[in-house]
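Using the hints, position chain B against chain A.
Next come the chains, spelled out residue by residue.
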Amino acid sequence: MGALLLRAARCAALIGFAIAIFSASTPAFAATPGIDSADTAWMIVATALVLMMTIPGLALFYSGMVRKKNVLATMAQSFAAVAIISILWAAFGYSLVFTGDGPWLGGLGRIFLAGMDMNSVNAAAKTIPEALFMLYQMTFAIITVALVAGSVADRMRFSAYLLFSVAWFILVYIPLAHWIWGGGFLGSMGVLDFAGGLVVHLSAGVSGLVAAKVMGERHGYGHENLSPFDLSLAVIGTGLLWVGWFGFNGGSALAANSRAVMAIIATHLAACAGALTWGAIEWSSRRKPSVLGMISGAVAGLGTITPASGFVAPWQGVIIGIVAGAVCYWACTWLKHRFKYDDSLDVFGVHGVGGMTGTMLTGIFATASIGGVSGVIEGHPQQLLIQLYGIAVTLVWCSGVTYAILKVVSIFVPLRVSRQAELEGLDISQHGEALQ
Amino acid sequence: MKLIVAIIKPFKLDEVRQGLTEIGVHGMTVTEVKGYGRQKGHTEIYRGAEYVVNFLPKLRIEIAVSTELADKAIEVISTHARTGQIGDGKIFVTPIDHALRIRTGETDSDAL
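Chains A and B, in that order, give the protein sequences. Letter by letter, the first sequence follows residues 2 to 437 in the working numbering. Letter by letter, the second sequence follows residues 12 to 123 in the working numbering.
The following block holds chain A by itself, in its conformation from the complex (with noise of 0.2 Å):
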């Protein structure tokens, strides 16, 4: 009796909320001119969606590959990087991105959010208030730090993964994304990196390499056991990737249009395409198509479709992530063990050599009649020449930078935990919880 009454309750209350809106036909305020409501309302959901892609996507996908005990250390490098680059990115880090137009660098003039109000717009989005494009290119840099952390997991202290982490947003990410898409001479000079292949991808990629290069390999790594604790917490945390991904990639045309809905689409088959490849390559060679096979590709395929998709024409979408499926179960099944690094979580192998090949085939793809610029295939082989620089520019600046970082970060704090604290867990060792 008391549950029907609940629910008759709840059945007025909800049409009493309906009639409320549909008879609220005055808005509280105009629109202010310039700004559309389409391309703000999708790009407040592709904002939600990069955000999810992190929290709980990556840190799901990252636990679930490293061992028990430290599954709570791993969830908390995604946590801390939200926060922590959150509230850099609206203190300095937009400004210095997006606003001016130096070669090098942006300008200070929305330092703390400064002058930004209910109307202004961005230069690279104006359709949309600039307030929501600040958000939006967030959680950009959120992700971006939250993957480096890939390659050290298993044993970098939590306090000096922090240091290096604000110091690694600062010199590393704000610089590129200021050179690729502030405005600055990557851009001016025409590399295309639709959505973060070099910006994202590689140099998280090739950061994390040298950052699991400097920090040497995990107690035990190449004999012991080191089989992941539950790898249908990353199946979760892939699903979570893939469909936020819809916002990365459909969200990075910054506008509700056809363009976001081509990259979205390519994104998806690219995505597909991966984890068929990787799956068919280890169902021939190993005799068995493992889940997480499968999940690498897909990842493989999202990152390597990232810097193209929004210049690419959706079959080709399938065609780059079937090679990001091949050549990235290259890079983490032999060229790791080739040149014996232990990269954790194959942050390297995954997304810096997918960004990678996927920077190359956007200068190879590049349609026309999609993004406004022809690769090889179009007659336009500069292109390609341009693609390289950028990779190359990347290469040396994030591995240089990162370098630097580590060697000052390691003066005040020691990289990695105690060989003690190692054996016993990070959970319990940096954070004094640990999963019963």
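Everything labelled a hint here was simulated from the structure, so no lab data went into it. Warning: the hint list may mix true and false statements.
[Unchecked claim] Derived DSSO-like pairs: lysine-lysine, alpha-carbon spacing no greater than 30 Å straight-line:
no.: 1; chain 1: B; residue 1: 83; chain 2: B; residue 2: 13
no.: 2; chain 1: A; residue 1: 70; chain 2: B; residue 2: 45
no.: 3; chain 1: B; residue 1: 23; chain 2: A; residue 2: 69
no.: 4; chain 1: A; residue 1: 289; chain 2: B; residue 2: 45
no.: 5; chain 1: A; residue 1: 408; chain 2: A; residue 2: 70
no.: 6; chain 1: B; residue 1: 13; chain 2: B; residue 2: 45
no.: 7; chain 1: A; residue 1: 289; chain 2: B; residue 2: 51
no.: 8; chain 1: B; residue 1: 51; chain 2: B; residue 2: 23
no.: 9; chain 1: B; residue 1: 51; chain 2: A; residue 2: 70
no.: 10; chain 1: B; residue 1: 13; chain 2: A; residue 2: 69
no.: 11; chain 1: A; residue 1: 127; chain 2: A; residue 2: 69
no.: 12; chain 1: A; residue 1: 289; chain 2: B; residue 2: 20
no.: 13; chain 1: B; residue 1: 83; chain 2: A; residue 2: 69
Same frame as chain A, now just chain B:
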């Protein structure tokens, strides 16, 4: 009285339980355990990294029965838990000195 400890394949639990209930065994304790015998382990591959997993998941069943029932119970467990493949498990039998039901204070065979 005998304590029968059996290590069996996890998916055989229901058959074993049913068989034991039919012959009048009305209680058991089951624990999830890991171990290895002749079966050794298996190999897992994660992105090309191969790990040999030595300990395989098994179930450990403990039942306490009267001496008369022990042989019958052992036979039931061995027939119901058998697949014929390596790794079917083992049965261990030990004598029980004393038993007590906590609620009523009944002892020995009354407590089983």
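Verification of the supplied hints:
1. B:83 <-> B:13: Given that 30 Å is the threshold and the Cα spacing comes to 12 Å, the pair holds.
2. A:70 <-> B:45: Holds, at roughly 19 Å.
3. B:23 <-> A:69: holds, 28 Å
4. A:289 <-> B:45: holds, 25 Å
5. A:408 <-> A:70: With Cα atoms ~27 Å apart, residue 408 (chain A) and residue 70 (chain A) stay inside 30 Å; holds.
6. B:13 <-> B:45: At roughly 24 Å apart (the allowed maximum being 30 Å), residue 45 (chain B) and residue 13 (chain B) satisfy the hint.
7. A:289 <-> B:51: holds, 21 Å
8. B:51 <-> B:23: This hinted pair holds, its Cα atoms lying about 19 Å apart.
9. B:51 <-> A:70: The given pair, whose Cα atoms are some 25 Å apart, holds under the 30 Å limit.
10. B:13 <-> A:69: Not satisfied, since the Cα-Cα distance of roughly 39 Å exceeds 30 Å.
11. A:127 <-> A:69: violated, 47 Å
12. A:289 <-> B:20: Holds, at roughly 24 Å.
13. B:83 <-> A:69: violated, 42 Å
The structure fails to meet hints 10, 11, 13 from the earlier list, while all remaining hints are met.
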